[in-house]
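Chain order of the listed sequences is A and B. Under our numbering, the residue at position 132 of the first sequence is numbered 132, and the numbers go up by one with no gaps. Under our numbering, the residue at position 47 of the second sequence is numbered 1047, and the numbers go up by one with no gaps.
Where hints are given, some of them may not hold.
[What the hints assert, rightly or not] In silico lysine-lysine, DSS-like type, Cα no more than 30 angstroms apart, as pairs:
hint	chain 1	residue 1	chain 2	residue 2
1	B	1147	A	83
2	A	152	A	83
3	B	1119	B	1147
4	B	1155	B	1119
5	A	152	B	1032
The hints are simulated quantities; they were obtained by calculation from the structure and are not laboratory data.
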Amino acid sequence: MRTPQFVLSLLFVVAGALWLRSSAGAEIPATPTTAQGLAAWEQVYSVLTSPRCINCHTATNYPQQGDDRHRHVANVVRGPEGKGVPGLNCAGCHQETNADSTGVPGGHNWHLAPLSMRWQDINDRALSSSAVCRAVTDRSKNNNLDGPGLLKHHEEEPLVKWAWNPGHRPDGSMRTPPPMTHEEFVAATRRWVDAGTPCPTR
Amino acid sequence: MATYQLNVNGQRREVNVDPSTPLLWVLREDLKMTGTKFGCGISACGACTIHVGGIATRSCIVPISHIGDRPIVTIEGIAQDSVGQAVQNAWVERDVVQCGYCQSGQIMSAVALLQSTTKPTDQNIEESMGGNLCRCGTYPRIREAIKTAAMQLAKGGE
């Protein structure tokens, strides 16, 4: 016969092991696999190549506008710092916030992404998932951002967040946001970063 | 309606308007400053160009609620600036104006260019003035006048 003390001790040991296992599972999620990371990247890519994002990640000397990604009106040009030129600066129209009464979008530090972060070719066609991923993860091109830096950029950068608050068009209708919520975009970026920012091979 | 305190050409002006009103209409209708023109209403022609906080701005699409305390300079006040004076003199010297409707916007953009670029190239002029349209086709004379103003400023405005 086993003593009651022995049975009680055994119960404590089993309960403790179960508690440790459950708490460990809650605090330290499993690292996403490469396959899961690649799947998450494709979600990120779908946002980056949506008009609200890619219109200012051009390979040309001008930004685009609209869901059809046509050339920006008024002969706007990139300028040396991606903010237009004297007499025709981005800030000459785009204010700190959207101007819904006139249909002009706005956000802090409105500017074009540098050419190193172009996500289209010179014929305005979006680059492949693999090419965009390589550019985004190349620290010589991406302002020296590592994985956590990319996640922070997607989570906090005002112009990134603007894509989910793009304001009204001049006709009063709402601009089309990216194909998922900002929370989903950040979660996908986190999974991709946690998986080691894998890129498709082709 | 809301009340706004504006700094226009160095003078304090108070207006009581709807916050969504474009600055152009505040200038023209409330302050009776009609030198700034309405052209397209969608920032595509440049006729309404003024300076807000030192930046050439399309007043037809910027609501008054977005201006804040930034100083506003219009064509009526641009001659207070040495570059503005030089540009207006060059415009007269080169006889730039034909019908004149777009010219206040042209001058405001030209001043913005020369305030940051003392010796503009043809490319600088084309890029900075590319958003200002002129149906009379005075572009060659505008280019000449900008270069004339630049030379005058380089000589110290003599």
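Checklist entry - Failing hints, ascending? => result 5
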